[in-house]
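Asker: Given next are the chains, with one letter for each unit.
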Amino acid sequence: MRFHSTVRGFSIFLLVLGISALVWAAEPTDRIKQTTDKILSIVANPQLKDPSKAPERRRLIRSAVDERFDWEEMARRSLAQFWAKRTPEEKKEFIELYSDLLERTYMSKVEDYSGENVLYERETIDGDYAVVKVKFVTGKNKDIPVDYRLRKKGENWLVYDVSIEGVSLVNNYRRQFGSIITQSSYENLVKKLKEKAEEK
Amino acid sequence: MKRFNLELAVGLFIIAGIVCLGYLSVRLGKMEILGERGYEVYAFFSNTGGLKAGAPVEIAGVDVGRVKNINLENYQARVALNLPSNLKIQEDAIVSIRTRGLVGEKYIEITPGGSENVVRPGQRIRETQGSVDLEELISKFVFGKI
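Protein chains in written order, with the working numbering: chain A, 87 to 286; chain B, 23 to 168.
Treat the hints as calculated values from the structure; they're not laboratory data. Careful, some of the hints might be misleading.
[As the list claims (entries may be wrong)] Once the Cα atoms are required to be at most 30 Å apart in a straight line, the calculated DSS-like pairs of lysine-lysine come out as:
{"#": "1", "chain 1": "B", "residue 1": "K110", "chain 2": "A", "residue 2": "K171"}
{"#": "2", "chain 1": "A", "residue 1": "K228", "chain 2": "B", "residue 2": "K128"}
{"#": "3", "chain 1": "B", "residue 1": "K110", "chain 2": "A", "residue 2": "K238"}
[Said to hold, decoys possible] Away from chain B, derived, C-beta distances all over 10 Å, residues of chain A:
{"#": "4", "residue": "P137"}
{"#": "5", "residue": "E142"}
{"#": "6", "residue": "W157"}
{"#": "7", "residue": "F168"}
{"#": "8", "residue": "W169"}
{"#": "9", "residue": "L188"}
{"#": "10", "residue": "D212"}
{"#": "11", "residue": "E241"}
{"#": "12", "residue": "V256"}
{"#": "13", "residue": "R261"}
All C-beta atoms, glycine included, are put in the ideal place defined by N, C-alpha and C.
Please model the complete structure; the sequences and the hints are all you need to start from.
Answerer: Here's what the structure looks like:
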């Protein structure tokens, strides 16, 4: 008798666990919202506004983005057919360079965003893939439509592509990297990325 | 007897002419008569920007196929593409609608991916990029500076 109630208790526990896991997994929009709110709170934090705190602020923003972005997947998709030919060391180096490139390109835009309003418009889930449509309303009342494309990894949803104004980031880099590699070589692409990293 | 030969020759000539005309119209109209060659895949777009059926599909600027048809499904455009059967499209390939020049015709460009999985006939290519409205972008740029 006691054994039975233990079993029943345990199975209810499992059931609740299962349901909560389901609920958690089914919300890509919430994941995007969490990360966006986190970044906006860092940007708006008066204690970090001081110019001397800029590196600290950037580091915090970067770590918030790292949690939500699947850099490896983005780098893989951007290199496309050239990814398979890379050695594991090259892949690792490339992921690093790629995420730094995106950081340098978009960090100032994130830092300048005064966060008037963020509208979460629509979410479409299709199996392990989801698209979350977001509209960033800027101070001048201009809207910047951004689509996040996410993929389910375990229980988490991670971003693998971002479309800004309808232009896909991965597609843009895939074209650029592809033309650099076919015109010269992969080594040259890495050299270019490194040079860009040192410019700053 | 001689007269009969002449009539026969004219008749044959006319028939040959009609066959040539038929061949020409099939070729120029890019019609498929002897069944479809290649295979079909589809993709969803939020905005096709006026893409027409029959528009070319290109990879690296090379014409590889045609837009077979465009339908509205759940207020999204479902674009079916006809591709040659020896052409493999990776699962993470991106299909985008592009414009030749500033005001030119619309066409489809596929940027190949790196995935080992291939899109099979009748399947959907997930990654798409709709038509970018240049006029809207320019006006945003122009009026954004107030």
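Asker: So, for every hint listed, does it hold in this structure?
Answerer: Here's how the hints hold up against the structure:
no., hint, verdict
1, K110(B) x K171(A), "holds, 18 Å"
2, K228(A) x K128(B), "holds, 28 Å"
3, K110(B) x K238(A), "holds, 26 Å"
4, P137, "holds, 27 Å"
5, E142, "holds, 31 Å"
6, W157, "holds, 15 Å"
7, F168, "violated, 7 Å"
8, W169, "violated, 4 Å"
9, L188, "holds, 17 Å"
10, D212, "violated, 8 Å"
11, E241, "holds, 21 Å"
12, V256, "violated, 7 Å"
13, R261, "violated, 6 Å"
Checked against the numbered hints above, the structure violates hints 7, 8, 10, 12, 13; every other hint is satisfied.
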